[in-house]
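Participant: So in our numbering, spot 38 of the sequence shown is number 38, and the numbers just go up one at a time.
Hints are computed from structural coordinates only; laboratory data are not their basis.
Source: prediction; values computed, not measured.
Be aware that one or more of the hints could be misleading.
FRET-style restraints, in silico, Cβ to Cβ [said to hold, decoys possible]:
| id | residue 1 | residue 2 | range |
| --- | --- | --- | --- |
| 1 | T7 | T67 | 17 to 23 Å |
| 2 | P89 | A24 | 19 to 25 Å |
| 3 | Y106 | D8 | 18 to 24 Å |
Note that beta-carbon positions come from the ideal geometry of N, C-alpha and C, so glycine has one too.
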Amino acid sequence: MSTLLPTDLNNNPIPAVRFKNDGAHQIDIAAESARNDTAFGGATRIISLFATEDAYIAFGGDAVTATDDDHFFPAGIYYDVAIGGGNAPQYTHIAVLAVESDGMLYISEKE
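When you get a sec, could you build the whole thing from the sequences and use the hints?
Facilitator: Set out below in structure tokens:
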């Protein structure tokens with residue numbers, strides 16, 4: 001079946017989703033790695049990210065840390081990321097590290 005929706009790694013369509021109540025997170029972007037204090041919901045499969053400054057990000061469990069070897073995430077871009085579902089592992093946390101300047105990473109869980 002043809003679709004205009006984005007697809008995951010298993011080529012399954014990702015439907016348009018809404019913001020999850022109580023699913024907003026903020027993490028300070030700074031010179032030391034920081035992660036969300038509250039784990040993402042077990043049913044959350046997609047999160048939206050927006051950074052006020054360039055950052056490195058890493059996904060994992062409650063011990064994840066970001067380093068300058070991790071994914072570069074540019075400031076000013078609103079981006080949806082799959083954090084689990086199907087055959088993919090479920091990520092519960094995201095860690096962030098400043099590239100140069102301090103800022104804020106805004107995260108919205110979607111359902």
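Participant: Evaluate each hint against the coordinates.
Facilitator: Right, here's what the structure says about each hint:
{"no.": "1", "hint": "T7 - T67: 17 to 23 Å", "verdict": "violated (30 Å)"}
{"no.": "2", "hint": "P89 - A24: 19 to 25 Å", "verdict": "holds (23 Å)"}
{"no.": "3", "hint": "Y106 - D8: 18 to 24 Å", "verdict": "holds (23 Å)"}
The structure shown violates just one earlier hint, number 1.
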